[in-house]
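As you go down the protein sequences, you meet chains C and P in turn. In terms of numbering that gives the first Met the number 0, the first sequence has 13 at position 14, counting the first letter as 1, and numbering is strictly consecutive. In terms of numbering that gives the first Met the number 0, the second sequence has 506 at position 507, counting the first letter as 1, and numbering is strictly consecutive.
No lab work stands behind these hints, which were simulated from the structure alone. For each residue, glycine too, the CB sits at the ideal point set by N, CA and C. Zero decoy hints are in this set.
Derived list of chain C stretches under chain P, where covered just means 3 residues or more per stretch with a C-beta under 8 Å from a C-beta of chain P:
1. 38 to 45
2. 50 to 58
3. 106 to 118
4. 125 to 139
What follows is each chain in one-letter form.
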Amino acid sequence: MQPPKILVLGLGNTLLQDDGLGVRAVERLMAEYDLPEEVEVLDGGVMGLDLLSRLEGVTALLVVDAVRAGLPPGTPIRLVGAAIPTALGQKMSMHQAGLQDLLAVSAFRGTLPQRIVLHGLEPEIIGWGNELSPNIAPQIDKLVDSVVQELRDWGVAMQHA
Amino acid sequence: MPKTFLPLVGSQTAAPPGSQRIAIDPITRIEGHLRVEVQIDNGRVTDAWSSGTSFRGMELVLQGRDPRDAWAFTQRICGVCTTVHAIASVRAVENALGIVVPDNARIIRNLLEGIQYLQDHVIHFYHLHALDWVDVVSALSADPAATSSLAKSISSWPNSSAAYFASVQGKLQVFVNSGQLGIFANGYWGHPAYKLPPEGNLLAVAHYLEALDWQREVIKMHAILGGKNPHPQTYLVGGMAIPIDPASPAAINPSRIAQLKSLAAQGLDFVSRVYYPDLQLIASLYPEWTGMGGSTGNYLSVGDFPVNNSGNPSAFYVPRGVVWNNNLDSPPQDLDQNQIKEYVAHSWYRYAAGDGAGLHPAQGETRPNYTGPQSDYDFLNTDGKYSWLKAPRYSDAPMEVGPLARVAIAYAAGHPRIKQLVDELLGKLGLPKAALFSTMGRVAARGIETLAIAEQLNGWIGQLETNMNSGNLAIHNKTRWEPATWPADAIGWGTTEAPRGALGHWIHIKNGKIANYQAIVATVWNGSPRDAAGQRGPWEQSLIGTPVADPARPVEILRTIHSFDPCMACAVHVVDAAGSEVTRIQIVP
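Just chain C, with the same shape it has in the complex (with noise of 0.2 Å):
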């Protein structure tokens, strides 16, 4: 058994307001919480294959993004394992290789994390901004609760910085 390692990743473009929730809310997870030495959160912004090497030894994976899903905004999500690279169609990613790319090069591999889970929020605006909506700027809190809520599900101790 190899030791357990976590990896929760905050996706998303933070010049293209609420694109950038997942980013975000990373950002205020780490900022706001001692992270146990098996927990590495990255703000992986919209970085694709740069991750891969980020993924390696992973053995469960945490995505935090925004999922646009025809839900009323601000409406939290959650997916599971097979749903994701699914769920994810062709939009994830820039130009290169996005988390689908990268789950599946991962796959191809045999290093794909044995647990995948995503959290996020229906986004409402994904316009030029570094800002997120007002309207969905005060559920990053609560995004930020499940994903916390996620690990504890996991065994790992979350305690407030």
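On the provided structure of chain C, position chain P as indicated by the hints.
Then chain P, alone, in the frame of chain C:
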């Protein structure tokens, strides 16, 4: 918008026999936001229109900010172009304020940019473009022993045994059986336009996997020079924010230098013994693609990799200049950035001076004026506005940028190494110089410049080492750091040759703050729509005459467009879980 991952091909039904219009959307292998419509008559493309859905408005984010912070924002435009947007941004501010960076900062920027070339070009070749030439599924029927012979005939690379290729084939079989093809799900497998023997396909799949491991290693150079965070942290207006100190474990020191040299050697080894031979194999088996896919015949490079601090473009290892009409026999023309103008006649913007005007980027305006379809549609109205990309032009002509442009300009300038590599490759394939101006020429140019840059890395690291050993540790020029030292009004432009092509950032600084900011990225040059004079953009032009065997599976069109390495910087990338996938959504209570 189509929800499929495979490019959705729409076609016109009420067309005369032998004539039809098709739309390919998305055109990028991995994400959407790019669309090409082509008119096909009797099996050949007779006209083409390219449309990008990205909306540029970076100045909306940057106006009013401290110019010294701009790079940290611009590097977020795009996940793969982080470094290039950061470099162009700090250079724009330095240009506006008249700052010369120390020698060490120049070298480190060259290294960061050079590594970006290696990583981007190799990844593009194996992970994006190869799927246009390599039939992954056919690799399953390859004979591992014959693959081994093929591998040994083109390179001395050690991973070449029959057992090795059999193991790769086994891995591929498991992956295909799983039904989750992921990144491979969007090839036109079995299309007659695929020409590699199964063994060639297996070789490429093996190298696809090896390239992943390799890039994971070489990119460690970015961590050494740019910081641990995936986004580079060490750029700084006036230099770099990474200390050089032989006595400090946290700085660039002898052990880091040794690590950099070893990674650079690994980089060069893979490029010269895997990527470059594979590229030649593919080029030799697709001779028809050396005769089509050329674009406008006009090429532009802003140049990059300064070899000294003179600030003079003649000091660029990759030269700056302009080549007209595919002419490699006279020296390139000097680039005059005042000749760059952007048009919006067919773009979804409005200019105060009227939509027929052309504006220099320093005077650029970004006022959206969307007139396109409001709901599902089959075809865009290409007589009117049809793209979110503006149409940049140089001296009012559409210009190709990117590897082919750089290689053409370097060749015309008599660049010794580039000229040697081009002549050797053409000689080996028995092709005339004109073959460069083609889809395969673009693919080859990318490999040629990757090799030439990879060869430079070790020398650049050596210069850094020499400086360190002689006590030259300067890394940041602080003389104009304080806004009190700045003029009240300053305009600058910063350039870099991004792997995809010329990148320019223009900044207007007023009273210490950003008053205006504009960028022209490579994909906007290449993927631009028609301009006010009705001239096609480079992609549009490159498709004219392309044969399309099966309009429902237009791999020929993808080959040419992908040869430009399209990048929709600033495209939206939200996870799309709509449509049939909505049922899978689990609402958190």
